[in-house]
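Listed here are the chains, written in short residue letters.
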Amino acid sequence: MKAICKKELRGYYLSPIGYVFTGVLLFFFGLYYYQVLLSLSSSYITYVYSSLFTLCMMILLPILTMRSFSEETRNKTDQGLLTAPVGVFSIVLGKFLAAFLVFAIAMAASLIPAVVISFFSSPDWPKILGTLLGSLLYGAALIAIGIFISSLTQSQMVAAIATFGVSLLLLLVGNLSSSVTNPFLSGLLSWISFDSRYQPFTKGIFSIPGTVYFLSAAAVFLFLTARKLESKRWS
Amino acid sequence: MIEVKNLSKRYGENVALDNISFSVGENTVVGFLGPNGAGKSTTMNIVTGYISASSGSVTVGGHSVLDEPNETKKLIGYMPEVPPLYTDMTVREFLNFTYDLKKVTLPREKHLKEICRLVRIDNVYRRLIGNLSKGYRQRVGLAQALVGNPPVLVLDEPTVGLDPKQIIEVRNLIKSLGKNHTVILSSHILPEVQAVADRIIIINAGRLAADGTPYELEHGQSGEQKLVVRMEGAPAEVQHALEGIRGVLHVRNFGEKEPRVYEYEVDGRGGADLRRPLFGIAAKRGWPVLAMASSELSLEDVFLRLTGSTYLSDNARMLSMKGGDRK
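If you read the protein sequences in the order shown, they are chains A and F. The numbering used here puts the first residue of the first sequence at 1, with every later residue one more than the last. The numbering used here puts the first residue of the second sequence at 1, with every later residue one more than the last.
Hints are not guaranteed to be accurate.
Straight-line alpha carbon distances no greater than 27 angstroms define the calculated DSSO-like cross-link-like pairs of lysine-lysine that follow [what the hints assert, rightly or not]:
| # | chain 1 | residue 1 | chain 2 | residue 2 |
| --- | --- | --- | --- | --- |
| 1 | A | K232 | F | K102 |
| 2 | F | K110 | A | K2 |
| 3 | A | K2 | F | K113 |
| 4 | A | K6 | F | K110 |
| 5 | A | K6 | A | K127 |
Just so you have them, the derived chain A footprint on chain F, three or more residues with Cβ under 8 angstroms [claimed, not checked]:
| # | segment |
| --- | --- |
| 6 | 47-59 |
| 7 | 62-73 |
| 8 | 242-250 |
Just so you know, the hints here were simulated from the structure itself, not pulled from any lab data. Heads up, the beta-carbon is just placed ideally off N, CA and C, and yes, glycines get one too.
Construct the entire structure; sequences and hints are all you get.
As structure tokens, then:
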């Protein structure tokens, strides 16, 4: 697992992808923070995360995960991984951790403006950290979904677009729930909705159901990825 | 070391492997031979645990590939048809990654240097794999299989893309590895397998067509002995006399090849040496024997025959009579 994680991190940061990801993310964070400064109130910082995150993540995370397995399958390098004495779970977990680290590093860097602001003002740290934690959990679930989708196809483009579609659906499914009349269906839709799970975090609440939900979603998709990889061996 | 039992692999309707069984002992080099698409790579992929079999079992070093995948994978170094190389890594990085991936415990620097020296890639050690030529990539693929010094090496067409000098080098390397490794290599090039393998397994259309040492295949394949003779004498009489020899199954007259000289093909039962009785009869009847050759099949013929070529027996005859002037 360590070897694969290391190799993936190398891959992210030796190719432009890691830098483009971090750069673009930080650029937009900077832009939003600038607006916060213009509004002269640090209480808006959480909006930076809650509004930007959902927008940027939908587009950027699929790019981070699209090559994960699709490239390996296409270049037949998966043959090397799958015939090495490592379990499929280690392979999947290694890939997941690497992508998550790239994401977490960028997210951590996004706190720099907030830290700077804290020298002059007293931003609402519980809210900011809560939002950051929520974002990391949300991101972890999306990364797992992205990795799963990339294990289904050999084309990076297909993986990226499909992941984008699924992420967007999971975001919007909550809005649907208000327009559905069937109470069961409406309840189910808002239960699935990633956004409604994410909202408590933005209020500075450490939501245990939300944490469990995102972590379980990540675990389920990582499990499915491992099964998908292993299916070659037992199908 | 490797035990393959009743292995079958189906892709939907398509049968890629049909009930293949063989076993490979320690320290031998086994060559898989077969035309393209015969099932060589499929067999190798199943043995190395990359894909599953539809039915049948594979054990490596006593461990089942299906039930204890990690145990068996530890024992195997695999070089697939397309070597699994990351083009954005240098050779050094890639071999170190493989070293970590396989959780090797041998002294890192020394072990990797040794491998690079063996497959002669030390001069490109710090270069990007993406910039290497096909021959070098192939050798990096071989190096990757050798990392960790596994007792079993599975090499899928190891010499594809190499120049003739490199081919000889790699063959010699495989030969020397075969002294203390179990090696399975595949090829559709016969001389290659012949040059390095102690044993040849011929696969055709998913079936095991033959299994034996090169010598056994050359001599024992047909189970019969064939003589091609040119004799002077009345053809009907000669044919009748030849058919009367003990052990002869069948005599064919190929017609008049020289004035009053006819060529016959004599098929005999396996083991019986027909040359002496034939000479005896010819001498008794006063029929000069102008040429006699045993038409044993060359390995090439065996291969072509097993893999379904038709022009064979004629080809074999011509090969055996090379040098004879025919009209």
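Check the structure against each numbered hint from earlier and tell me which ones fail, lowest number first.
Hint check: 5 and 8 fail, others pass.
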